[in-house]
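S.K.: All chains should be modelled from the sequences, with the hints used to inform the complete structure.
Chains as they are written, first to last, in our numbering: chain X, 77 to 690; chain L, 77 to 690.
Copies of the same chain look alike in the list, so a pair counts if it fits in one copy or across any two.
Result set (DSBU-like, lysine-lysine): computed pairs, CA atoms no more than 35 Å apart in a straight line: (1) Lys397 / Lys328; (2) Lys194 / Lys397; (3) Lys118 / Lys477; (4) Lys94 / Lys118.
Calculated directly from the structure, the hints in this document are not laboratory data.
Number of protein chains: 2
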Amino acid sequence: MSPLIDFEPVGRRGECPKDETLQGCARLLGVGITSLCGGIGKCGQCIVQIVDGHVSAPTPEDAEYLTPDAIAQGYRLACRTIPLADCRVRVPLESLTSPQRMQVEGEETPVAPDPLAKSYLVTLQPPSLDDLRADAGRLANALQEQHHVTATRVDLDVLREISSSLRAHIDRESGSWRVRVVTREGEVIGLLPPEASPLGLAIDLGTTKIAAYLVHLASGRTLASHGLMNPQIAYGEDVVARIALAEQDEGKRSLLRQLVVGAVNEVATELCSRVEAEASQIVDMVVVGNTAMHHLFLGLPVRQLGLAPYVPAVTSALDVKARDLGLQLAPGAYVHLLPNVAGYVGADHAAMLLATQIADLRGVVLAIDIGTNTEICLANEGVLTSTSCASGPAFEGAHIKHGMRAANGAIERLRLVGDKIEYQTIGGVPPVGLCGSGIVDVMAQLFLAGVLDRQGRMQDHPRVREVDGVREFVLVDELPLLSGSASEARRSAIVFTQQDVRQLQLAKGAMRTGIEMLLSTSGRKVEEIDSVIIAGAFGSYIDVSSAITIGLFPRLSLERFHQVGNAAGMGAKLALVSRAKRDAAQVLASRIGYLELAAHPLFSATFAQAMLLG
Amino acid sequence: MSPLIDFEPVGRRGECPKDETLQGCARLLGVGITSLCGGIGKCGQCIVQIVDGHVSAPTPEDAEYLTPDAIAQGYRLACRTIPLADCRVRVPLESLTSPQRMQVEGEETPVAPDPLAKSYLVTLQPPSLDDLRADAGRLANALQEQHHVTATRVDLDVLREISSSLRAHIDRESGSWRVRVVTREGEVIGLLPPEASPLGLAIDLGTTKIAAYLVHLASGRTLASHGLMNPQIAYGEDVVARIALAEQDEGKRSLLRQLVVGAVNEVATELCSRVEAEASQIVDMVVVGNTAMHHLFLGLPVRQLGLAPYVPAVTSALDVKARDLGLQLAPGAYVHLLPNVAGYVGADHAAMLLATQIADLRGVVLAIDIGTNTEICLANEGVLTSTSCASGPAFEGAHIKHGMRAANGAIERLRLVGDKIEYQTIGGVPPVGLCGSGIVDVMAQLFLAGVLDRQGRMQDHPRVREVDGVREFVLVDELPLLSGSASEARRSAIVFTQQDVRQLQLAKGAMRTGIEMLLSTSGRKVEEIDSVIIAGAFGSYIDVSSAITIGLFPRLSLERFHQVGNAAGMGAKLALVSRAKRDAAQVLASRIGYLELAAHPLFSATFAQAMLLG
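M.R.: Given below as structure tokens:
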């Protein structure tokens, strides 16, 4: 008889076929367990906990991703574990694949399309004994004659397919050849069928998320967009962990690079298939990311980026052949990387500033791009100073007891009304945890209700209890066990602990320190700020008044705040579509002064103050 | 008891260890049998004939390289064959590895060195909190300050190692970094140790042979040179065969490309090791070859090259990254390919004309580059017209009964004195066959002695005999069998057959047709030729008066002939060392008019006449 498996907290139960793994069983029962490696024990993403029952012995793969303690507590890789009897299996939130909200959109800045790669439809007469011109020369002549465009170079990979591409579309009546030629700065980088359009891809390569935009180059129109997790996350949540891994050996660096390259290739194919196009139509690409993501994507050395004084290998904008990165686009496609600013202020920051046009604004403007690393720029009458703070992944729900990413079931809004809690969840489904905006709401509500004092200490309250010596505030009560209730995804309480408060204080302290130090080095006061631009996915969902309440944002009237969404992605799109914007980004990056926080004499005192709530 | 193996005609005999192949046994006995694949049955080079004895059954590999007839006649791959009893094994000349004379030298044209890639020694101060410039920016700044050189781009593969390269040589006293930067047209293409010199590689990629020259770029000095067989030869002797193979499928095309790339990588390493350098010091390379070799080396399509009207994919000069071809040189190294002229007049012809400076000569000059394909240029008061003729491999000893390549034991000079034959062999060792220059001498001597009439028919003569209905002239008599005489490499007679005469007539007819047609289309007569330049390895060894005697060369006084050696290789070297010469080659190629022989109405009549001797 097949063992019966209970998956918690999703509440699915069913038989596991003989010799099937827990992951296979979960799939059969419709429980989504993350698997980046396809179930071969190589990604460490499908961790589950055997709460009750008997399963196969731990494998070497389990030992690689789990500590002996964790294994003793019943943690296993679902893809390596075969149940030997009925089991109760807990699927931690971080192993669930429930679709996560991936904000990729941002405020579009209108721009006149003027892409670097342009296409021309040409008609060629086939060779004859009277006309023995080579294929490449014949094409260049036609381009000159028919479009007055000079292309003296042909990319090697285009040359490798030129003869068949030219002969692929023959006019039945005249016998002439028709082809769409894509050129970029005097080089032929692609040959497309006559009716195909050249496409571009803009990528915002975040530490946690990747946002991708497929663009029709000639019109600048976005055809499709998609957000996905950065698969490197399996190898470290923040850039420090990934730099450390990449420096272990060449193989690890290569692995991290290939993970992202593979994800970009996949998303390129996926976006193209949505609009019935081929990835081979993508002739240009713009990538932005923080300096570490930028370096890892290019396969650049990161050791010097991880050691003081944290210098990048390169900051200037780069143009490289897509094939040199392992990308499968048009044969001669290029990838443009916007300039980095400093070790921890990357091309994504330059892109954000490009999209928000902050450099052109008068007055005092603060721009904050909130992520695992948060970059902040203060524009003081057009003088730009930027800094970076390690805000950590708390705003993305990590390192918070019941934190989770912004997926279905995450509490994203919360109010304390008397002793009652009112909340709303993503997807309107029963709550399973707290995402970033929910966490900020909780902090603000607890502070306003006096449950937290300025130091963040949790006071007595009917909903406060102590478990194992740690105080916690019960947001959502336990539910009684209802066996067989498949729609019930949660059984335990959802709480916010004293430790969670500390995590948030560290994150908000880091960010607020950056803001304060930028103001003080620019000789400005908080009340002089005319405008605050909040960028990033988390930034668009955050309740600004909650963020002001806890002191994450400076206390200014709400109308001065502008939540602009994924401005880095929008900047990447601008640079993809407009040659002028691409050039502007390089000028912009060179205008940005960099403030190194950790080295500043006032850092510690400012940070201590910034940790306080209110 | 181990079987006893007799290797013929080299006369080696010894025991073959149990389970050892014939190739392994040959190696033990010091008999060199060609093996390109390392003895895994993949190159078909180690063909031997089992004359007597018993061996293992034919393998699938044997069947791939040998016809059923050949297998029935005892032919086998030595690397796939294990003797089961005493054997007598004939090693055909073409399977012997006896070192071949590989002429690589040619007349040097003096030129002021001005290479595209230049190097600069720079000193850098390491980063500090006050100086957070990225590695690449720091390098560019130092290059500008210390040498007034602007390099705005850094090759991606250089960037991938920039951080460690910069930190590899630290001055003990000052703590500053020292590095030699190699730039090319504003791009950093290599970072070398301070004391290393940037090197260049010039390659003449022939259908049969590859000549390689390692050059010290700054001085233009040739440090080392080497000739080797083109390993593609295992897959077809002439370009037509290789084009046909490449067009069978993508894998075959890739195989042909990789064979040459592998050979170039090997020769680069070998030449560098001779001068205690590393292949990673090679920052620039120039390759010349006929259009088919050029296309196969680059992985370009050749189908259209093999079909009328025989158009190349590209004729203009190309610059590609060495890594895009699979070459292991400096990380950002480039390969320059001189321009092709037409389908069967390649970059090697442009290089030959560059080296011989034929375009600058007054009067009427004929330049002939003899190879498997022979290219001929007629310079008529500076107006250049070129053509190509399929002279075939007869001049390299192939398709001639006792023909062989120019290796030890080849008869290279021969005179008929009465009924006696006087000859000299390469290496002064006992004769084993005839190489190209020997073959031309034989033809001339037989014609002068009246053994051959103008039509090439062999007349009666004391040394003429008939075997199986075919007349043959005995050049060297059989030797009696002398068992155990290891120094004796030959036992059978060396003859020149009526069929050999026909092969030669076809080759010389093709070449002479080219000469005549160039003259007639230019309105010139033979006696108006002021100078004849003979290029190519075979061309340097040929006896010019013999060649005139048989009508291979036009009847002119000997002092008008100039044997210049490997002029194509010399041209490649010029383009490697001098930017001006590289540009000149492009201009030169565009000035060359192409004469297509086969399509010409006078072709057949001219060819019939050109076949005649005298």
